[in-house]
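Following the hints, complete the assembly by docking chain B onto the known chain P.
Chain by chain, the residues:
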Amino acid sequence: MCLGIPAKVIDIDDSRQGKVDYLGTKVRVSFALLEDIRPGDWVIVHAGFAITKLDQEEARETLSLLREIARESRTSEDDERAPG
Amino acid sequence: MMKELRDKTVTEALLKKIKDRADSRGSPARIMEVCGTHTMTIHRYGLKIPLEEAGIEMVSGPGCPVCITPNEIHEACLELVTQRENTILATFGDMTRVPTHKGSLQTAVPAPASQVKIVYSPEEALELALADSTKEVIFFGVGFETTIPSVALTVKRAQKERVANFSVLSALWLIPPAMRALLEAGETRIDGFLYPGHVSAIIGSRPYRFIADDFGIPGAIAGFEPNDILLGIAAILDQLLIGRPDVYNEYRRVVQPEGNPLALAAMRDVLETKDAVWRGLGRIPKSGLKLKGRYTAYDAEHKYHLRIDESSRDLPGCRCGEVLRGLVGPRQCSLYGKNCRPDSPCGPCMVSFEGACYIHYKYGDR
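Read top to bottom, the protein sequences are chains P and B.
Residue 1 is where the first sequence starts when you use the numbering used here, and the numbers rise one by one after that.
Residue 1001 is where the second sequence starts when you use the numbering used here, and the numbers rise one by one after that.
If we strip away everything but chain P, and leave its shape as in the complex, we get (with noise of 0.2 Å):
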């Protein structure tokens, strides 16, 4: 029920209707409860509404966690397995 979908945002109109990219699928949503929303934005989408815009820059932090941790693991077993 809470599952909420991200999508690209391909237009959207005077009256806060539009279109969305989902994984190359075309949606119409609703984008009344957003502001400042652009085509090239990405939102999540539920029930027909795009409920909340995603914020790029934690999305690349968030990002940048991940690929540090994925480092440091492959790091760590190098040095397990490296030679005494």
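Worth flagging that the hints you see were computed from the coordinates, not collected in a lab.
For every residue, glycine included, the Cβ atom is placed at its ideal position computed from N, Cα and C.
A hint or two may mislead.
Unchecked claim - Listing some non-contacts, in silico: residues in chain B with all C-beta distances to chain P over 10 Å:
| id | residue |
| --- | --- |
| 1 | R1021 |
| 2 | R1044 |
| 3 | G1046 |
| 4 | E1085 |
| 5 | P1112 |
| 6 | S1114 |
| 7 | G1216 |
| 8 | D1269 |
| 9 | D1314 |
| 10 | G1364 |
| 11 | D1365 |
What the hints assert, rightly or not - Below, computed lysine to aspartate or glutamate pairings styled on EDC-like, alpha-carbon distance capped at 16 Å:
| id | chain 1 | residue 1 | chain 2 | residue 2 |
| --- | --- | --- | --- | --- |
| 12 | B | K1003 | P | E61 |
| 13 | P | K8 | P | D21 |
| 14 | B | K1017 | P | E72 |
| 15 | B | K1017 | B | E1053 |
| 16 | B | K1017 | B | E1052 |
| 17 | B | K1274 | B | E1310 |
| 18 | B | K1008 | P | E72 |
| 19 | B | K1117 | B | E1085 |
| 20 | B | K1286 | B | E1272 |
| 21 | B | K1008 | P | E77 |
| 22 | B | K1102 | B | E1075 |
| 23 | P | K8 | P | D41 |
| 24 | B | K1017 | P | E68 |
| 25 | B | K1016 | P | E77 |
| 26 | B | K1017 | B | D1238 |
| 27 | B | K1003 | P | E68 |
| 28 | B | K1016 | P | E68 |
| 29 | B | K1016 | P | E72 |
| 30 | B | K1016 | B | D1238 |
| 31 | P | K26 | P | D41 |
| 32 | B | K1008 | P | E68 |
| 33 | B | K1017 | P | E77 |
Chain B in isolation, oriented as in the chain P frame:
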């Protein structure tokens, strides 16, 4: 980004971090995932057993709106569609399959020229009313804070466009009061909460503060990918280790501390709180919503003088109520997998794709 959020190397590394922290804590931690969509990710990606091996017991909570809607509301809907002619009862798919003592919406025989119709959004229900003014359209609206603003805006639009043949039967539920009720009941030990990501996108992180401050229980808001969940659990363990309960926000790319102000304003404009009965949890103060006075024309309960009979009971043997309180797991129910399966459910926890029983049945213990 999805690649990294599902990356197995990261998953392994995070599980190891979690195990190290659980080991230094010295005792296993019991963490409730409040949201059914989290339960789904945990099982789909096979995190349940690895987490157990790392010293973390995950417990499902009340976060499935289809599950916590009590039978009496379903029965009121059944009565509407079987007794009123020219009526369209529109609702989300899962809701039509919930079994009650009077059958389900799927098995009901509607009155002449009436029907049950599955919709994907409240707006779609309103479109049905706009398309045919000879039909009364009742939207059986179920959901948590994630869904509630969409229902509120749809009611506003109905009023603005003076749609007379549309109304909403509210099964709208608020998460924070239910969490308070769960904690006050004190029936089960919970060392930490994984807070629902998309409910939090609407309400923000502040409404959970009382759980850290008054009950001393750590928590983290998390997204719905496997590594989101593990980052959230690691943050909960950090709080347990240093003894400083907090509301950590792992899902910052989606959740702002103040939530979504436009959505909250729409909710406040159209709806007001009421005491409500949850399946399993009973009556919880200010945990449900009804339409405000100026929107009563769109309140199906008011419009059709519905009597919602609170003496309605779950089907015999169904332990859905206890599953929703985190008291038992699906396998502890004697109906599970025998009489109760997704194709012949005895309760909503086996119907909804967010229901703990359905998820266990579909993905197994892994």
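*Sort out which numbered hints this structure fails and list those numbers smallest first.*
none
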